Structures are given as structure tokens and as C-alpha cells.
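A.B. asks: Take a look at the letters that make up each chain.
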Amino acid sequence: MVDGAIASPLLRWIPLLPLAAAAIHGVMLGLLRRTLTRGGVIALSCGAVIASFVLSCVVLGQLVVLPEGQRLLIDSLYTWVGAGRFSAEASFQLDPLSAVMILVVTGVGSLIHVYSIGYMDDDHRDDKGFQRFFCYLNLFTFSMLVLVLGDNLLLLFLGWEGVGLCSYLLIGFWYADRWNAYCGMKAFIVNRIGDFAFLVGIFLVFWTLAGAGHPTLAFRDIQAAFPAIGEKTVTLPDWLGFLPGAPSWRLATLIGLCLFVGACGKSAQLPLYVWLPDAMAGPTPVSALIHAATMVTAGVYMVCRLSFLYAAAPGASAVIAWTGALTALFAATIAITQTDIKKVLAYSTVSQLGYMFLGAGCGGYTAAMFHLGTHAFFKALLFLGSGAVILAMHHEQDTSQMGGLWRKLRFTHWLFLVGVLAISGFPFFSGFFSKDEILVTAYAAKQIPGHRALYAIGLGTAAITAFYMFRLHFRTFYGMPRASREVMAHAHDPDNTVMVPLWALAFLSIVGGIVGLPQVYGDMLGVKDSNSLANFLGPVLGHAAHEVPHARELGLAGFAVGAFALGLAVAWLLYLRNPELPVRLGQALSGAYRLLWNKYYVDELYDAAIVRPLVALSDLVLYRGVDAGLIDGVGVNGPARAVVGFASRGLKYVQTGLAQSYLFLMLLGAIAVVGWMVR
Amino acid sequence: MIPLEQVIALSAALFVIGLVGAVVRRNLIVILMSIELMLNAVNLALVGFSRAHAQQSGQIFVFMVIAVAAAEVAVGLGILISLFRNRDSMNVEDVSLLKW
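Protein chains in written order, with the working numbering: chain A, 622 to 1300; chain B, 386 to 485.
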């Protein structure tokens, strides 16, 4: 327990309520082999998550009444790991950063739970499916809440792995289709690669702190001990001599990079982003909750949580910023040519996560958190909107089979448009403010090599984002209907459980930017300290170190609006004005088009360079050679064959069935023993 | 007093007689009797040593052996009777089914 921190026993119930719901579902399905009624499932699961959301609001209220700088609530449950002087508590902490995260997780989570009621209703593939789905969804909510509330790295890692597991379970939710199961495994295995580096990072933190006499993994202790050890260096081995700064690296840089590789896996950054587009095999609410709004932002949260470490490791921060910017651009260009509605959104998620890392790497941790929040709203809205379209089209996801849907899905169309405007940075929608914050941060980040190039990449990506999002919108809702007449006749807006979350998210997508209104607009409106999110997070994440003059900031915002307008104009020109032009353009630039259509052949490259050699190695050497040949063949079957051969061909004839021959052999044996003893 | 050597010699002679009888004879009753002979040869040796060392534990052993031998004879004869009823034979070579 830390001095000055206030105990709040309410905190534990925020993660435990969803866990309890998941446990009840799990026991019923797994042990009792029974299913709840549909109403029971809804009451239990949605009730638990909504109760969590209410509790989150309550503890937020407890938090904000505390004076700034002392906003910390603690709920220690028990000592989870105690070994010698090291101990890791099962302890939750709520500071402003965690508060923002739990509000996003439980708030957006509640809406998506409600949405799932309607979305999963038409799933008749499996009579237990409805309850199983909500079981996993609750388990995910629990894991995510542990991740953001845990007060030490170990608890964060528990949540980190828990959400990975739930992601796997939900991507492969319709596992009867082998492709879905394959996508689930792909996500899980790619994440393992990142998690390996993440674990190494945790070990390095522990090793460093233990060496300095603080064997602990609690964030507050790491932060307190950090200045003393931040300057320590490690010597890299010779074969890493090509790295900048080798052979002597600061430990903070090494730790930061290791942890960031983990974040690359979880948050789908280059080069580990490949699992996220395939994760769209899961049901659409899962894509919205896990693979857009919450889980994939865990890496951003981790970087912000350890912002004191990254602030002291400029090398690691530069890597983060550049990885983020390149990922943003890379994924956005792929999204240009994709036709699957969910694939476009998936690449756009990868791209937006890149923005968040760009912001965090440039030191704009509050900007990254701001974009995390607004992205959760508008990306959840877009995914849920696409889910409404998919429902209306009877699980058709290809936009080349859509078009003209605005007549049939009037509300969905408007709500989707709100999401498109928000993500593209239409002025005064939420995404406009948060993306601008990141771009301004990158523009002013003098400590990052090439920060102007980062800004340019970010701005260019903004234009591409506007282009592909409007392309998606136009192809889905406008133009001539390409679906069959029969499908079009039955297409309609889904019912209320699906539509209400959309309305709520659309509202948040429009006004969500208010919480982080940059001061430059605040001054215009005469609002003091308008960026309440930054002020709220400031004590944890530090205030932005660099100030850009207001006139310059407005100019940058002008550029961003220009990028938006450019993207919109090109999309309008290509997909509304001259619908035959994209085809001709694709033929004229067939090389570039094929490159983008095939996603830069990254999957094929990984397949040829890593997956196939690994499978061949496993199959030919490890399985056939070592396992079947050496262990089973020589080690297990070998002695067995030798014994069988010897015993069955020779030794068995000793057993004659005549008691007297046994007696005689015993006599010989006794004589031999006695003879040996008296020799 | 009879010297220990003579007691042991008699015991050894009785034991070998019993052993040879148990190995070479085919009649099960004779084999059983030969086993009893071996047991009593051992008893004799135990008593002889007990006297020579002036310790009582050897004689206690003998009582144990006699008790166990009595039980063993009861069980053995029971098996033999059962066998004779089933097989009409007392020949050990007729009960060699339990083999490879």
C-alpha cells in the first residue's frame, strides 16, 4: 500500500462481475451441459458489463473529487506471487489513465454486448452458440479490465494473455469452418512472437530492478526506482554490432524496445500486423470490440502506462514513432483496393493504431490516448454499421455485391456516414481533433529524427484514409445496386438492439472530441483549460513538452482539412462521378494495383520465408526425425522390441509348467548364490 | 551333550534327502512330505544353533516354523484333494498347464 493512496473496495468488482458471468456460463456449458434461456444469457452477460460500466462511473467520480496529483485509488486483494523478497500483488489501481481505459472498455463494451443480442440472434449454426459467445465476450471484458487496472507488469501480462486467448476463441467462434479456425490460430501464434519479446522485456525490468535492490514489478515502484537505474547500460553481443549506438545500449532503450515488440504483436504494427485483417473471420461484434476498440489498443495503453520509461529512452521512442507512421501509411495503401467491407475496416484499424503509436512515440501520450478513445467510438460505430449491412445482405461482405443500399438502410447509411466523417477527420468530429493532436505532436517532436517526415507521412495517410473510407461508403451505399433483386427487396435496417448502440456510438463519434478540445479552439470559444482530457491525464502522462504557436496549429489543422477534402474529392470523382474510371485506372496501373490488391504479398512472403520452412522443419526433422524416429522409434519401441524378441524367442521356454523344474532351477540358483558367498 | 557338528550333519542329511525327494519324485503327496522333511531339517539346525549359542530366539523360530508348516500342510492337502477330485491323478506331470 502506498502512502496517500485511497483504498476503494469497489474497484475489484469492475473486473470480477464480468468474470462471474463468464464463470457461470462456463460451468453451465462445460460441466452441467445445459444452456440458459436466451433471456437469462442476456440478463447475466449484459447486466454484468453494464454494472461494470456503472461502477466505473462511480469510481471515476471518487477519483475526480480528489485533488489533482493525488488521484489514485487502490484495491489490494492478496499477494499473488511471493518468492523471497519479490512479491506481486493481485492489486488493482485506478489513476486517470486507467480510468479513461475502463470507461472505454466498459462503455463501448456494454454497447457492443447489447448489439450482439441482435446480431447473434440469427445464428443457428449451434444451439449453444448464443451462450458460448457471451461467455467468451464476458471473459474478454474481464481480461481487458485486469489489463488496464492491474498495478504491476505481471497482472498486466495476465490480462494481456487473457485477451489474446479470448481473441483466439472468438475469431474461431464458427470453428466448423476450417478457415476461421486457421485465422484464430494465426492470430494466436503471431501474438506469441510479440509476447516472447514482451516477456523478455518484463524479465529485463525485473533483472534491472532486482539488481538495484528493488525486486518488484509494480508500476509505481518501477517509476520510483527508475531514475536511479535509467542510466544503466548493457553491452550488446558482437553480432548486433550493426545497430546504431552499439555496442553499449542504455537499458531503458532495450527494455522499451522489447516491450514494444510485444505491443507490435498485440496492436498489429509492422511487421506483426498480419493477423488482424484475418481476425475479421470472427463475428462482427467481436471485430468491433476486440479487434478495433479495445484489445488492439492494449499496446498503446502499455506504452502510455510506461511513458516515464519511454520518455527516458529516445531511441525506443523514435522506433515507435517511425513504426507507427510507416504502419499507418502501409495499411492505408492496402485499404485502397480491398473490397471486403470488414477487411477495409481492419486495415484502417491497423492504420489508426499506427497513428496512436506515432503520437506516443513523439511524446504525445495524451494525444495517443485521446485518439485511442475517439477511435474506439468511431471504429466501433463503423464495424457495427458494417455488421448491420452484413445482416441486411445475408452475410455478404463484398462491397462489389452492394451499392445503392442507402434507400434500404436509411438509418444505417447516415450512422455509417458519421463514422466515415469522424475517421476521415471532418472538422469538429471527434477524429478531427484527435488526429490533429497527433499530427501537431509529430510536427513539433524535435527529439525524433525526421519528425517533419513523420508529419508528412501522417498528413498523407490522412488523405488516403479519407479516400478509402469514402470509397467504402460510396461503394456500399451509393451507385447502382449490384446485389440480386431478391436480396435488395428484403434488405432493411436491423431492429433496435442493433440500432440503439449505433445511435449511441454515432453521438459519441460526433461530440467525443469535446473532452480533448485543443486549447487553440478553447481560446476562440472563451473556454479556459479546454483540453480536459489532457489536464486529467497530465499528472500521469506528463504534459506535452512542446508548444506550437496557435497560428501554426491552426495552419496545420488547415492542412489536415485539406487532406480530408482531397481524399473526399478523389473518392467522389472516382466512385460517384465516373464509376468506370477505377477499373480503367486499375488496368493502367496494373502492377501497382496488383501489389496493393495482394497486400504487398506480405502474407506470401511470410509464408515462404517463415511458415513453410518452419512447417517443413517441424514435419521432417522434429516430427518424423526426432519425435517419431528418435523418441518413439529408438527410445520407446527399441527397448520394447528388444525385450519382446529375446523373451518370446528364448526365455519363454524356461516356463515349462512343471513345478519340479522350477524347484530344480531354484536349487541351482541357491547353489550359485551360496557358492558365490563362500568363494 | 551332542556336539553341534553332529546335529548340523544330521540336519544337512535330512535336508538333502527332502530336497532330492521333492525334485525327483512325481507323486504330489511324496513331494509334500519331502517339503515337510526339509522344514524339519531346518528346525533341527535352528535348535542346534540355539543351544550352541545359548540363545532362545532359535527355539522361538522353530515354533513359528511348526505353526506355519501345519497351516501349509492343511492348505496343501486341501489343494491335493481338490486336484484329485478333478483330475483323478496325483502325478505332478499331469498339472503342467500353466506354461508358455
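A hint or two may mislead.
[Said to hold, decoys possible] If you anchor each label on the Cβ, the simulated ranges turn out as follows:
#1 ASP1240/A to LYS484/B: 45 to 53 Å
#2 ASP1253/A to ALA397/B: 29 to 37 Å
#3 LEU468/B to ALA1263/A: 36 to 44 Å
#4 ALA1291/A to GLN440/B: 51 to 59 Å
#5 GLY1250/A to ARG472/B: 51 to 59 Å
#6 LYS484/B to ASP1253/A: 57 to 65 Å
[Unchecked claim] Only part of the chain A face toward chain B is listed, based on derived beta-carbon distances under 10 Å:
#7 LEU950
#8 THR954
#9 LEU1279
#10 SER1282
In short, the hints are calculated from the structure, not lab data. All values reported here derive from a predicted model rather than from experimental measurement. Just so it is clear, CB atoms sit at the ideal spot from N, CA and C, and this is done for glycine as well.
A.B. asks: Hints first: check each against the structure and report whether it holds.
C.D. replies: Taking the hints in turn, this is what the structure says about them:
At about 48 Å, the beta-carbon gap between ASP1240/A and LYS484/B stays in the expected band of 45 to 53 Å. For the pair ASP1253/A and ALA397/B, the supplied restraint of 29 to 37 Å is violated, since their beta-carbon distance comes to about 56 Å. The beta-carbon spacing between LEU468/B and ALA1263/A, approximately 39 Å, falls within the hinted interval of 36 to 44 Å. Taken as a hint, the range 51 to 59 Å is violated for the pair ALA1291/A and GLN440/B, whose Cβ atoms sit roughly 26 Å apart.
Between GLY1250/A and ARG472/B the Cβ separation comes to about 53 Å, which falls inside the hinted range of 51 to 59 Å. In this structure the supplied range 57 to 65 Å is violated for LYS484/B paired with ASP1253/A, their Cβ-Cβ distance being about 34 Å. For LEU950/A, the interface hint is violated, since its Cβ never comes within 10 Å of a Cβ in chain B; the closest pair sits about 79 Å apart. Taken as an interface hint, THR954/A does not check out: its beta carbon lies about 78 Å from the nearest beta carbon of chain B, beyond 10 Å.
Interface restraint check for LEU1279/A: the shortest CB-CB distance to chain B comes to about 5 Å, inside 10 Å, so the restraint holds. The interface hint given for SER1282/A is met, as the beta carbon of that residue sits about 9 Å from the closest beta carbon of chain B, less than 10 Å.
Hints 2, 4, 6, 7, 8 from the list above are not met by this structure, while the remaining hints are.
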